[in-house]
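J.: As you go down the protein sequences, you meet chains A and B in turn.
When you line the first sequence up against the working numbering, it's residues 7 to 480, in that order.
When you line the second sequence up against the working numbering, it's residues 7 to 480, in that order.
Simulated from the structure, these hints should not be mistaken for lab results.
Note that this is a predicted model, so its numbers are computed, not measured.
A hint or two may mislead.
Identical chains share a label here; the pair holds if one copy fits it or two copies do between them.
DSS-like mimics (lysine-lysine), calculated; alpha carbons at most 30 Å apart, straight line [claimed, not checked]:
no.	residue 1	residue 2
1	K102	K355
2	K338	K370
3	K451	K469
4	K355	K404
5	K469	K103
6	K135	K370
7	K55	K451
8	K409	K370
9	K355	K370
10	K404	K370
11	K404	K338
12	K348	K43
There are 2 protein chains.
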Amino acid sequence: MTLAPAHIEALIARAGAGGGTTDADTIAPHITEWRDKFMGATPLMLTPKDTESVAAILAYANEHTIRVVPQGGNTGLVGGGIPGLEGREEILLSLKKMDRILSVEPESYLLTAEAGATIASVQAAAAAKDRLFPLSLASEGSCTVGGTISTNAGGVHVIRYGTMRRLVAGVEAVLPAGTIIRDLDGLPKNNTGYDLKQLLIGAEGTLGIVTRATLRLAEPERVRHTLWLAVPSPAAALTALSTLKDVTGGRVSAAEIVSAAGLGLVLAHIPGARDPLSSPSPWYLLIEAATTGEDAALETAIMTWLEARMADGTVTDGTLAQSLTEREALWKLRESLSEAQKHEGASIKHDIAVPVTSVPAFLKDGTALIEARWPGARVIAFGHVGDGNIHFNVSVPKGGDGKVFLKEWEAMNAAVHDLVVSMGGSISAEHGIGTLKRGELGRLKPAAELEAMRAIKRALDPKGILNPGVLIPY
Amino acid sequence: MTLAPAHIEALIARAGAGGGTTDADTIAPHITEWRDKFMGATPLMLTPKDTESVAAILAYANEHTIRVVPQGGNTGLVGGGIPGLEGREEILLSLKKMDRILSVEPESYLLTAEAGATIASVQAAAAAKDRLFPLSLASEGSCTVGGTISTNAGGVHVIRYGTMRRLVAGVEAVLPAGTIIRDLDGLPKNNTGYDLKQLLIGAEGTLGIVTRATLRLAEPERVRHTLWLAVPSPAAALTALSTLKDVTGGRVSAAEIVSAAGLGLVLAHIPGARDPLSSPSPWYLLIEAATTGEDAALETAIMTWLEARMADGTVTDGTLAQSLTEREALWKLRESLSEAQKHEGASIKHDIAVPVTSVPAFLKDGTALIEARWPGARVIAFGHVGDGNIHFNVSVPKGGDGKVFLKEWEAMNAAVHDLVVSMGGSISAEHGIGTLKRGELGRLKPAAELEAMRAIKRALDPKGILNPGVLIPY
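In isolation and in its complexed conformation, chain A is listed as follows (with noise of 0.2 Å):
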């Protein structure tokens, strides 16, 4: 990209205190992707340390018709907060500077903090104040609030606390001309004109970028009940998961299903994993109920309702974590899947969803889908079965070639990506779309709706300076 030293001068100038670079020593960490999957290029990353200077950056750039791209963790694995990908000439704005926490309110439940703040840090300001920021991923280390919000991050709590969309009260934003608009009030109820900080989460930093955000806090989970239960198929999963949240009056906080393939992997590979029944079983399900206090009606709700599952054969066995290290384990099990598949060699993935009431059907029909075409290949579907939201990995055969099956990327998804939509799925539950799945995005989704995209994008960034390579199909 050949920006002028003129601009590369006045863009440092409008950073303000924090600054910008053009080193790319400096630069490198965050033009790559953490697997390497992604590898960018800019001639400069400006690292702004407040709002005031975003919005001095984003006014220069758009009357220049510079364009930008807004990072904040670098976690994503959509390629979607990367400069330069696919040859784009664009400059990196990175929010890592602006990480404070603002404040933290515990009799209103709310907290406010600096887009560049990590959600670990958001977790633990809530908790030294009693309270809870349920959202949770295995990123949270260092994924933003800027960057969870822009891509509206999920997790293994979406299933009683929502998505990031439900825990973002209130935002700051500067829009592409450099205008800032603003609400942290974190009002529950407000009636006023469009709700434009719904149409900045999740758009990936396209119509603006969000500076500060009010987000909601729960109350804390002192006491959690965690099951590892045997269920016979994803369809016994999703009745043990319905019939509990009923008994336990919605305080069901996550449900994770792994079938005795993926069991078999950790099992294999990750050290000190060990099988917590004694006999196999073709699925499992990790779920877990949990509240503010000592209850103990709640866990004799829970051992009622697990007797009564185990006579009318819903769930064939389980167990119930007597400890926090018991618990841990149980989480462990499924936290390493992904981990333990690489020690399989190399492996397609799908980040999908489907209605939840269609995932038994998914997995039996996607898999047959799989090895049909791929023989050999060998599904490894695991995740938030409450939230319909699958992570439908497909590893290479024993003994294959990784670089050959790798190769099959692209037709492997299209062709899941197919079945996914003919069941009212989507292609994207939790990731994005980014630069990765941009064309398939346009494949696959009606036209009127691309259309509205479209419009919405002209109206608020009519130079298309920010972030124009993800998202929106061209």
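Model the placement of chain B on the given structure of chain A, informed by the hints.
T.: Just chain B, lined up with the frame of chain A:
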């Protein structure tokens, strides 16, 4: 309005089997607000029976630049669904014939209905499958799915279940040019571009016409613990609420504040109403915790909490409803407030919200403001204290002339709204903007947000045919 007979004929033909009418008597109830505050006019009311007919109507209207006002149950309070206000030339599109419940899925906690279905019918269909549709508001017998989506309705259960926005899992809608967008699968996780339904929610029919929706259901509230508490101040009410939320693990589903003056009016004017407590208090809190089944631990926790709050002075007296009859009597005290206030003559109303922690300051400053500038005027404040949403109503001075008093409507609104905005609050917590508050929104909303709203409106409705007089300041 001089709508050419050829247009009338063409539009009625496009309305399909549901048809339309130019008969003034049939149209009359649809162009008058139930309090007679808004009186509209229109030459044509269309009553399509399906989405395709709505699409055909809008395609024709857009082509010929005929302005259309969509209407649900006509229960709005701000002139948002009545055609022909302020001399505008508009036809009426009523969704009343599209009132079917299409499906209820208890296992996935979802229900799909047409836009004209009433909220009461949705509640009943959910209850028949042992699920709860938690939106609850005074007009629920008449207000509709489409209307409550377009106004992002609130009500008494927002504190636990959120406003309509959180309850909408998907919509089908017709955009101004007559194209249909459809997303009724209710996926909890779906990140594939701008979430267009979020833009339609609360848009008051200015960006599209919602024709169907998939709504989220909750576990039923089979057991409710309802308390009427005497509290020394609004601040004490907030402390009571936040500690009870913690103790019950988020199971508080309503928290309504009532002043001594408000209770006094109810006792004076509502037959059968009686004070549940033996001695007076400046403020009262009606608070309810609910769960799905018998839960002795919850009741014990509530009683332990009540003892602690009485010991520390947060609560000075209280009663727990011991039967459904007692519960209904407590709720009637709250629900009769508007009715009771009518007996005191004219009143000027404000549907405002402030940050939850600012409720005490707002009540103090707001009351002082009224009493200083309008001597003798009587503030009757009540409402959803946990949302910061106070119905701040002001009655004519005792013995004063109602007509003279009502001339103060705009001046008093402006004064109260200035205070609200200075505290970071909202001039429309749950009723919306409509025609009534369009001017106030223009006066008080920041220019950058107004400009973004106008840009979005132009992008999706370039000819301005959909509900052109509401929401967006000219």
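J.: Now, for every hint given, state plainly whether the structure supports it.
T.: Hints, one by one, checked against the model:
1. K102 x K355: Result: close within a single copy only, 29 Å intra versus 46 Å inter.
2. K338 x K370: Answer is within: at 26 Å inside a copy they meet the 30 Å cutoff, but 53 Å across does not.
3. K451 x K469: both (24 Å within a copy, 25 Å between copies)
4. K355 x K404: Within. Shortest intra-copy distance 17 Å satisfies the 30 Å Cα cut-off; inter-copy 72 Å does not.
5. K469 x K103: within (27 Å within a copy, 44 Å between copies)
6. K135 x K370: between (46 Å within a copy, 28 Å between copies)
7. K55 x K451: Result: close only across copies, 27 Å inter versus 38 Å intra.
8. K409 x K370: within (27 Å within a copy, 71 Å between copies)
9. K355 x K370: Close inside one copy (17 Å), not across copies (58 Å); limit 30 Å.
10. K404 x K370: Intra 21 Å, inter 73 Å, cutoff 30 Å: intra-copy only.
11. K404 x K338: Answer is within: at 25 Å inside a copy they meet the 30 Å cutoff, but 69 Å across does not.
12. K348 x K43: Within one copy, since 15 Å is at most 30 Å while 67 Å is not.
When held up to the earlier numbered hints, the structure conflicts with none and fits them all.
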